[in-house]
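Peer 1: For reference, the chains in residue letters:
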Amino acid sequence: MGIFASALRLPRLAAAIGLAVTLAAPARAQDTIKVGLVAALSGQSAKSGEAITRGLQVAIDEINAKGGVLGRTFELVRRDDESNPAKGLLAARELVQKEKVVAFFGGIDTPVSLAVVPFANSSKVPFIAVWAAGTGITRNGAEENYVFRVSAVDELVDEAMIDFAVKIHGTKKPGLMLINNPWGESNEAGLKKAAGAKGLPVAGAEKFDNADVDMVPQLTRLKEAGADTLFLVANVQPAAQVVKSLDRMGWNVPVVSHWGPAGGRFIELGGPSAEKVDMVQTYSFSGKLSPKGEQVLAALKAKYPEIKTLADVTPAVGIANAYDAMNLLALAIAKAGTTDGPALRKAFYEIGPYVGLIKTYETPFSVGNNDALGKGDYIFTHFKGAEIVPVGQ
Amino acid sequence: MRALLPALAILVLAGAATGLALAGESYTAFVIALVALTALVGIGLNILLGLTGQVSLGHVGFYAIGAYVSGILLLKGAGFPLALAAAAVAAGAVGFLLALPALRVRGPYLAMVTIAFAFIVEHGLIEWRAVTGGANGLMGILPPPVMGLMLAEREMAVLCVALATLALLGFLALAESRLGRAMLAVRDSEVAAQSVGLNPVVLKTLAFVLSAALAGLAGAVFAPLMMFISPGSFPFSQSILFLFAVVVGGAGTVFGPVVGALVVVGLPELLADFAEYRLLLFGGLLLAVLWLAPRGIVGEVARRLVRRRPRPVRADAGAAMLAPQGAPLPLEVRDLAIAFGGIKASNGVSFTARPGAVTSLIGPNGAGKTTVLNMIGGFYRPDAGAVRLDRDLAGAPAYKVARAGIARTYQTTQLFGSLSVIDNVRIALKGDPAQAEALLAFVGYGGDLDAPADDLAHVDRRLVEIARALAMRPRVLLLDEPAAGLMRADKDRLALLLRRIADAGLAVLLVEHDMALVMGISDHVVVLDAGRVIAAGAPAEVRADPAVIAAYLGGDTGRGRPRAAAWDGSRDAVLTTVGLTAGYGAAPVLNGVGLDVRPGEAVALLGANGAGKSTAMRALSGLLRPVAGEVVLADAPIGALPAHVIARMGLALVPEGRQVFPELSVRDNLMLGAHSRGKAARGKAGAAEVAADFEALLTRFPRLRERLSQRAGLLSGGEQQMLAVARGLMARPKILLLDEPSLGLAPAIIGELFDILAELRDEGVTLLLVDQMAALALTVADRAYVLEQGRVVKAGAAADLAGDAELEAAYLGAKAGGA
Amino acid sequence: MLILSAIVSGLSLGSMYGLIALGFHTTYTVSYAVNFAQGSCVMLGAVLGYTFWVTLGLPLPLAIAATLAACALAGLVVERALVRPFTARGSSAWLMATVAGGIVLDNAVMFTFGKEPRAFPSLLARTPVDLFGAGVYPLQLVIPVVGVAIALGLHVLLRHTARGKALLAVVQNPTAASLMGIDVKRVVALAFAASAVLAGIAGLLIAPLLAVSSDMGLMFGIKAFAVAILGGMGSASGIMLAGFAYGLVEALVTSMLGSSYTQILVFLAVIAALALAPDGLFGRAAVKKV
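Protein chains in written order, with our numbering: chain S, 1 to 393; chain L, 394 to 1212; chain Z, 1213 to 1502.
FYI, nobody ran anything at the bench for these hints, they're computed from the structure. Note that CB positions come from ideal geometry on N, CA and C, so glycine has one too. Possibly wrong hints are sitting among the right ones.
What the hints assert, rightly or not - Here are the computed lysine-lysine pairs in the BS3-like style, where the Cα-Cα straight-line distance is at most 30 Å:
| # | chain 1 | residue 1 | chain 2 | residue 2 |
| --- | --- | --- | --- | --- |
| 1 | S | 34 | S | 359 |
| 2 | S | 335 | S | 98 |
| 3 | S | 359 | S | 375 |
| 4 | S | 173 | S | 384 |
| 5 | S | 375 | S | 172 |
| 6 | S | 124 | S | 98 |
| 7 | L | 1127 | S | 193 |
| 8 | S | 192 | L | 1127 |
| 9 | S | 384 | S | 172 |
| 10 | L | 1072 | Z | 1397 |
| 11 | S | 124 | L | 1127 |
| 12 | S | 384 | S | 292 |
| 13 | L | 737 | Z | 1397 |
| 14 | S | 193 | S | 308 |
| 15 | S | 276 | S | 173 |
What the hints assert, rightly or not - With the C-beta cut set under 8 Å, the calculated list includes, among others, these residues of chain L facing chain S:
| # | residue |
| --- | --- |
| 16 | 427 |
| 17 | 529 |
| 18 | 619 |
| 19 | 669 |
| 20 | 1104 |
As the list claims (entries may be wrong) - Here are the simulated distance ranges between beta carbons:
| # | chain 1 | residue 1 | chain 2 | residue 2 | range |
| --- | --- | --- | --- | --- | --- |
| 21 | S | 369 | Z | 1293 | 36 to 42 Å |
| 22 | Z | 1293 | S | 353 | 57 to 63 Å |
| 23 | S | 173 | Z | 1367 | 38 to 44 Å |
| 24 | S | 142 | Z | 1354 | 56 to 62 Å |
| 25 | L | 1089 | Z | 1372 | 21 to 27 Å |
| 26 | S | 368 | L | 522 | 48 to 54 Å |
| 27 | Z | 1289 | S | 289 | 46 to 52 Å |
So here's chain S without its partners, still in its complex pose (with noise of 0.2 Å):
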């Protein structure tokens, strides 16, 4: 019985894996540029991954629809790194020397990223992050870097955060809550660099875990060492937790958070009083939006039925770092006449003017500068109900 019903379910595997690879390769058209993803797209990050997706497509979309650059379109491959450095790397590979994308851009994960970048300088095919913020990804060291980056930097985020509270909160004695992972852990020294360059003594730096529900011990501990200010680096849900346990707690104290927050729902899983929260903000499609804006929002709306209200485009980072990032490769191409590495790579160093999302790119790149957004370019905002305003409004 056993070898009859095993003989009679074997082809139906053969089948399954069949149609697997069937699926895998769908038919492509031979001159269309290809551009990888390496991000997560599944697991606890999967919402970052998704949202560099809709920037992406939606620019890629617009591009090809105005003909596409050298006169071929864009196809975007994407792959899942599991938030895994070697899963990343794998698939970089892939990406590279299977696939010949032309260049690909990264994930939320900096440890991911910082994997790639050997691989990206040797093969020498263009890297863009979108989102890992990780200062070594772009200052890598390498003499011909291939890493570029339209994305924050931890470590200007922070001085700006010190800057921001010190300006407005008259910060005296920072006391950090930082999430226990590698973004943290970079945060942790950028920020106690920064404290220490304007002579502020830190009161401490505490750590918790995406799921700890009591966030009140780290809190309390802070508030016995004197901290005046908090500055907050985590995603949506602990950084909801860290703003119910202050409530619970009754401590009323300025919160000056790195941008996690904005890629969620936040005050529907902090409750009002994370409102009080200020953070660092690359974008968002809140207020009044100039043209590019408009344009942009209208094009997700259309491509992505599910995005209803501005609630829904989130987190607004990870979609205009890759909308705008997409663009400038596009531009590098065009620039450089080839999808060749080495020539793109100098390519990019001679783009611009580009009126983008984030901002109007003049040089968006330099020669020993691969990053395209510094301090300047931080806004701080806060949550109003739904919507992410501008500090201020």
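Starting from the known structure of chain S, fit chains L and Z onto it as the hints suggest.
Peer 2: For chains L and Z alone, coordinates are given in the frame of chain S:
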């Protein structure tokens, strides 16, 4: 040549992988490198899981330790060979440390220890920032040139393949070696492994260390291959993937981890284009593989393809026994005592088993015979007393006792089921492996040498177990009921064998129920009752000792009461079987049995041990499936139905060994008896009926009323038997089956029990009774069937059979001889 | 005040660990197998509760009933598809199969429910109340009470109903139980359903404190497994105690040393405890027989 085939296959595979790595794109080389590294970890895990049967969900921890040790050393400028060696040693050392707590626990507890280990490593790497670089990891780990050769992807891939090949060849050599077989032996039966002198703790620890070291080695190559490592490179899910690789490939098979590595690394690559749907599909496909190939892919393929040709014991092998190690010595047992939860299972037991003689330990069930054997063998630590051979061995662990020259066999044979017959013997053998075949010939085993022990017939299992014990070249041989379940002819051959073993100068210590066998071959008989020695001496003396007759054989004089007037009821049977054939494995225990029981009738099923009585009860009640032939209960065929359905149809079995629910109260046990009434017990009328029956039973069994709210496990044996019978009656069955109700009970209790059975019979309850005490059973029964070797050889009225000389000779004769 | 807050958190989480761990206990005692996707069942409880109540707007009691019914169904499917095919062959590949099932379930929910964590609204988790100077949500006080009540309810159900006793009978002696007319396979299936329902209840209770997302279950599953092992797989009361102990130790270590070392210390404690008591802190060793 045959032995070289797998090694050749490994080399061909390695050659192909190397060729592919050198010819393809560097991406291909990279994937091959990852497959090889996963295979390397898998091979290590296979030593642990496949050979010793221990599961680990923490291997990513060892992988990470290896990667960090090598990464840090390489960053500090150390040479590659040093980095590899240091990583393997470090991981192996941590494996040793983890084995200390891990091997104290088993099953899910072991899984938890290894899970905890993986998390500790992951968080340790994050927190020990000064050394590990914290959550953001270590960057720029480059493989240093080896002998002037730069190691790029392709060279690294070749290195990975080379390491995996070496590991695979090593695994092959290990699996074929004495050490590998010893590990398998531990996996199959730790108890038996100890009795052939193996120390399971040492073997399992060794497997753990080897396994960890291989994972560490793989990690050591992983670091420079990736050039970047961070805690995120070693998520807990990776541990599960490693285990997947071994299970999906086939645990214990040589190529399993390789095939598994191909699946867990290759499949996601095939699915890469599914982007966010990849994990979903991957999970689904893994499930599909598990469903299709539960033994793993390699295991399943091997099962289908490999046809083994049997290799019987050669006629010219020569039947020889090995001389015992050292000079013959008596086994002296002095004042051995042990208590379990306040009950003295053994109390001051002393006797001597002389070399060259058969010493038998007899006594009623529960007298403490096996307990004494377990204390001698080192499985129980005696509370007091001495076990002297050349020194006092009391309290020594089993493997030390075995090494000191005391070998044993078990009540239920403990062979290494997955090992072949010849390997079972070889494992215990030091010296010439050819002696194994001679030993098997000596004990009279004539079957296939390469058959897995699990596939053997019962009698062969006994013989192989004895051969294995003899391979230890023991001075003392302990045998625990070796004749149980054997047929007469086999028992006679066994008796001859034991005699020859004793004649070779061994002290043979026998625990056995078969009195004919015991009285026939023993030089000295020691009688135990309730943990004490009540008599000892030559067979004839013991047989005449009134204390022995009262304690041990007194049951025969029970006071079953025949029916006043002969039974005369309906001829339409409640229960009928036609050609009932059933068994375990290949050989049927029951062969074409036909019997019927009519309403209100009491029928006995008689026969010697192993005749198939209990098997018949299990087949009738549905506990044994499948069965061939017809079984009809009240006009409904039940031969294919499961036990619970048959129970609901009105057949209640009071099982052998009583099997009350020990943690439940007497009341709950009784009420569970009514469970099979189903709907009939519900509603007001049903509940009232149940309550009335409950009350009636308590009146019949007044002792149960006294103990109504006590836990059943605390009752005495007799009370438990009463409870089991009452529980059966609570079902209001159409027919009540009783399997060995008198087993292990004191004579007075047996009398009481059979009085109750007679009462039930007189009140019209239909009974089918199996009991070793045939004479007693016949006093209660109206009719009886006699089974011999699974067939009905005689049937008739109880009164006629009781006086039948032929029956006495065939069955009661053995008992009568004993009395 | 700091300690008090930690104790309240520890007790409420601990009772949930205990409840989820009781699910492991329930299936292990009848089948010697556990559902390693138990964490996913916790997630399922929260996600379905959110979907039925918030998204579909069912009345709360109906939403809870529908959620738990769906969890029970999930438990039945797990038993039938991921456990029985393997235990029936004497294979322990159910371990792998349930893990794979968890991966499939988590990812399937990610695509249907969405990738964003959502807040599970609850009146009991909106305004903190003052408890001796520590602010706690009323829900945090309710959870341990509900947890213990459910554990006690389960105990009563087992000890004092015919069905419960049938289950106990299977635990103690499946062969004898089948002779009583008890369908052992059905009891095992029901145990898996009950196990998933316990996880679902925990998911519903915990969701307002945390957030609802497709990946919320994993750590709950692992911690609950640790609790079940620590308590001793065979001891229900031991498991509830171990749950509270685990929750308290976790919260106290976090509050005194910071959360960096919590996982390291707690898991080291697990290993140490098992090294000292190989059958769990409250488990009983079986007498070995040969």
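Peer 1: All the hints need checking, so say for each whether the structure fits it.
Peer 2: Hints, one by one, checked against the model:
1. S:34 / S:359: Holds: residue 34 of chain S and residue 359 of chain S sit about 26 Å apart, inside 30 Å.
2. S:335 / S:98: 26 Å, holds
3. S:359 / S:375: Between residue 359 of chain S and residue 375 of chain S the Cα gap is close to 13 Å, so the pair holds against 30 Å.
4. S:173 / S:384: 27 Å, holds
5. S:375 / S:172: Holds. Residue 375 of chain S to residue 172 of chain S sits at ~22 Å (cutoff 30 Å).
6. S:124 / S:98: Judged against 30 Å, a Cα distance of about 15 Å means the pair holds.
7. L:1127 / S:193: 87 Å, violated
8. S:192 / L:1127: Violated, at about 85 Å.
9. S:384 / S:172: 27 Å, holds
10. L:1072 / Z:1397: 20 Å, holds
11. S:124 / L:1127: The given pair, whose Cα atoms are some 86 Å apart, is violated under the 30 Å limit.
12. S:384 / S:292: 23 Å, holds
13. L:737 / Z:1397: 39 Å, violated
14. S:193 / S:308: Since the Cα atoms of residue 193 of chain S and residue 308 of chain S sit roughly 42 Å apart, the hinted pair is violated (cutoff 30 Å).
15. S:276 / S:173: 19 Å, holds
16. 427: 7 Å, holds
17. 529: Since chain S brings a Cβ to about 5 Å from residue 529 of chain L, closer than 8 Å, the hint holds.
18. 619: 6 Å, holds
19. 669: 4 Å, holds
20. 1104: Constraint on residue 1104 of chain L not satisfied, violated at 42 Å.
21. S:369 / Z:1293: 36 to 42 Å: 56 Å, violated
22. Z:1293 / S:353: 57 to 63 Å: 60 Å, holds
23. S:173 / Z:1367: 38 to 44 Å: 52 Å, violated
24. S:142 / Z:1354: 56 to 62 Å: Check passed, 57 Å falls within 56 to 62 Å.
25. L:1089 / Z:1372: 21 to 27 Å: 24 Å, holds
26. S:368 / L:522: 48 to 54 Å: 29 Å, violated
27. Z:1289 / S:289: 46 to 52 Å: Holds, since residue 1289 of chain Z and residue 289 of chain S (Cβ atoms, about 48 Å apart) stay within the stated range.
In terms of the numbered hints stated before, the structure departs from hints 7, 8, 11, 13, 14, 20, 21, 23, 26, listed from lowest to highest.
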